[in-house]
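Okay, here's what each chain looks like letter by letter:
There are 2 protein chains.
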Amino acid sequence: MDTIVECVPNFSEGRDLHKIERIADAFRARENLKLLNYSSDKDHNRMVITAIGEPEVMKNAIIEATGIAIKEIDLTKHSGEHPRMGAVDVIPFIPIKGMSIEEADILAKEVGKIIGEKYQLPVFLYERSASSPHRQNLASVRKGEFEGLEEKMKHPEWKPDYGSATKHPTAGGVVVGARMPLIAFNVNLHTTNMEIADKIAKKIRFIGGGLRFCKAMGVDLKEKNMVQVSMNLTDYTQTSIYQVVEMIRIEAKRYGVNIAGSELIGLVPLEAVADTVSYYLGLENFSSQQILETHLME
Amino acid sequence: MDTIVECVPNFSEGRDLHKIERIADAFRARENLKLLNYSSDKDHNRMVITAIGEPEVMKNAIIEATGIAIKEIDLTKHSGEHPRMGAVDVIPFIPIKGMSIEEADILAKEVGKIIGEKYQLPVFLYERSASSPHRQNLASVRKGEFEGLEEKMKHPEWKPDYGSATKHPTAGGVVVGARMPLIAFNVNLHTTNMEIADKIAKKIRFIGGGLRFCKAMGVDLKEKNMVQVSMNLTDYTQTSIYQVVEMIRIEAKRYGVNIAGSELIGLVPLEAVADTVSYYLGLENFSSQQILETHLME
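Line order of the protein sequences matches chains L and P. 1 is the number of the first residue of the first sequence in the numbering used here; add one for each residue after it. 299 is the number of the first residue of the second sequence in the numbering used here; add one for each residue after it.
Simulated from the structure, these hints should not be mistaken for laboratory data. Treat the hints with care, since some could be wrong.
Within a straight-line C-alpha distance of at most 25 Å, the following computed PhoX-like cross-link-like pairs (lysine-lysine) qualify [to be verified]: (1) Lys253/L <-> Lys222/L; (2) Lys497/P <-> Lys522/P; (3) Lys407/P <-> Lys357/P; (4) Lys19/L <-> Lys42/L; (5) Lys416/P <-> Lys97/L; (6) Lys332/P <-> Lys375/P; (7) Lys34/L <-> Lys407/P; (8) Lys416/P <-> Lys34/L; (9) Lys395/P <-> Lys357/P; (10) Lys441/P <-> Lys452/P; (11) Lys551/P <-> Lys513/P; (12) Lys416/P <-> Lys375/P; (13) Lys551/P <-> Lys253/L; (14) Lys154/L <-> Lys77/L; (15) Lys97/L <-> Lys332/P.
Pulled out of the complex, with its shape left as it was, chain L reads as follows:
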């Protein structure tokens, strides 16, 4: 498999286990696609699927899953703690391997157009696929939720990008778009002083004048007697793991504090790992294709 996309669609069903399985089934038994994980939450009344695979196969899977979800889920009877706008609430496409964010964007738009027309759904593009800056943020697009969608769509700035010009009576609308993979990365500091963690977080993150694709905050690890700079790296191809570590080291020096360790939470793309090794070893021309196991993925 030379090209791998990740898709993490959210569906508004977290209680009926049979419905949950029927939706997940769309991602099963497909060549060159793997359902990595699916989890549901009763309070949120919502499920999240994580799948990786070839773009064309993923396209077919998500189109099928959307059809199943629309048949199974009736938002007029739905309640839950998590905000939602549709039966299929949001469909993010994330380039993992051999794929640029631009190609993931093309895929997201293709899927958006198809499901909009096929199922008579209003489709809103977001993140890197957004048709306007005010539509980049998911929370802004979803604001008003299912119940307020009809009213919201009357405003020209919330005209759907594809599909039906009116709300689907039971399935609402859907948000589709491409985004880069998030890397959840935490660095622990040899101090219990939260002020230091907060100050470092503010200094390294984008909104504080720091690295462009770094979100950060201080966290108190009371059990460990340490504090932590907890981060989301929103585009590892531009803001690298080693950059945030070395910047934290530089900032921590001001307070005479050392890095105690770090942790990568959840999944991380191989390219981000290869990039980190290349930096620290000063590797020339290292390619992730040199990692033996990558040849088992073809």
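Assemble the complex: chain L is given as a structure, and chain P must be docked to it using the hints.
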């Protein structure tokens, strides 16, 4: 695929392309096995196959390949520059993933026993599978080659481990064993002084009192105006990439020399890459299973 073994068998045929393909065919069209590479050399009159896959599948492939090679290759008519003892000259098994060297050793012995009996071949175990220290080294086992094998086997210290007690008339004998993957890793130094590269190489390598699984020598990179410490790491699970880099850094300091960069040559196991990242980031509990793409290999 939870368990992956690499097999790099050498066959004494490097000229007849049809024979070469027939031998390679044994590693094709098998579920959970991948023929990564095969190369042949006319002067050496020899071919090398690189395959990775599940141990059971690999076992079947190498048994079949041995049968084909014995039928196709007649060592009484064979000449080439490379020393060789048999039609199938050497079969190394290398644990890559989810497998210990002890398990690779068991596999090597299973295969050795089977091909010895099935094809009436004398089988000699070497490397980690050797039945005695004087049989560890391939060159020692192969000494005398095909032509001297009958005479050699008369000495009790060269009695075969499995199979026929006499030389196969056309296929000679075969050397089988388990070994760890080799990592070929070079570190370049910001100096043209070869004496420094040699001194560092001697200090860090096993035979000079250095790291146990490190072979090293100085190399002059005339075109780059640099010198290099060129290494083979013969067991990365015990002697790590970061250890050799940091030891070279420490030694180079004595001469006021900095590391200019490094290179990994050929393939490297994912675990070695994950180990390197873990060290430099100070990662707690990082597992290669957290690398997204590993889930495509299952």
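Worksheet item: Is the Cα-Cα distance between lysine 551/P and lysine 253/L 25 Å or less?
Response: Roughly 23 Å between the alpha carbons, so the hint for lysine 551/P and lysine 253/L holds.
Discussion item. Between the alpha carbons of lysine 416/P and lysine 34/L, is the straight-line distance 25 Å or under?
Written reply: violated, 40 Å
Worksheet item: Straight-line Cα separation of lysine 441/P and lysine 452/P no greater than 25 Å?
Response: Judged against 25 Å, a Cα distance of about 14 Å means the pair holds.
Worksheet item: Holds or violated: are the alpha carbons of lysine 19/L and lysine 42/L at most 25 Å from each other?
Response: holds, 13 Å
Fill in: Holds or violated: lysine 497/P to lysine 522/P, with C-alpha atoms at most 25 Å apart
holds, 20 Å
Worksheet item: Taking only the CA atoms, is the gap from lysine 395/P to lysine 357/P under or equal to 25 Å?
Response: holds, 16 Å
Discussion item. For lysine 34/L and lysine 407/P, compute the direct alpha-carbon distance and say whether it is at most 25 Å.
Written reply: violated, 36 Å
Fill in: lysine 416/P paired with lysine 97/L [C-alpha distance capped at 25 Å]
Violated - the C-alpha atoms of lysine 97/L and lysine 416/P are around 45 Å apart, more than 25 Å.
Worksheet item: If you draw a straight line from the CA of lysine 332/P to the CA of lysine 375/P, is it 25 Å or shorter?
Response: Violated, because 32 Å separates the two Cα atoms, which is more than 25 Å.
Discussion item. For lysine 97/L and lysine 332/P, compute the direct alpha-carbon distance and say whether it is at most 25 Å.
Written reply: Holds: lysine 97/L and lysine 332/P sit about 20 Å apart, inside 25 Å.
Discussion item. Tell me if the straight-line CA distance from lysine 416/P to lysine 375/P falls inside 25 Å.
Written reply: Holds, because 23 Å separates the two Cα atoms, which is no more than 25 Å.
Fill in: Agreement of lysine 253/L and lysine 222/L with the hint, judged by alpha carbon distance not exceeding 25 Å
Holds - the C-alpha atoms of lysine 222/L and lysine 253/L are around 22 Å apart, at most 25 Å.
Of the numbered hints given earlier, the model fails hints 5, 6, 7 and 8; all others are met.
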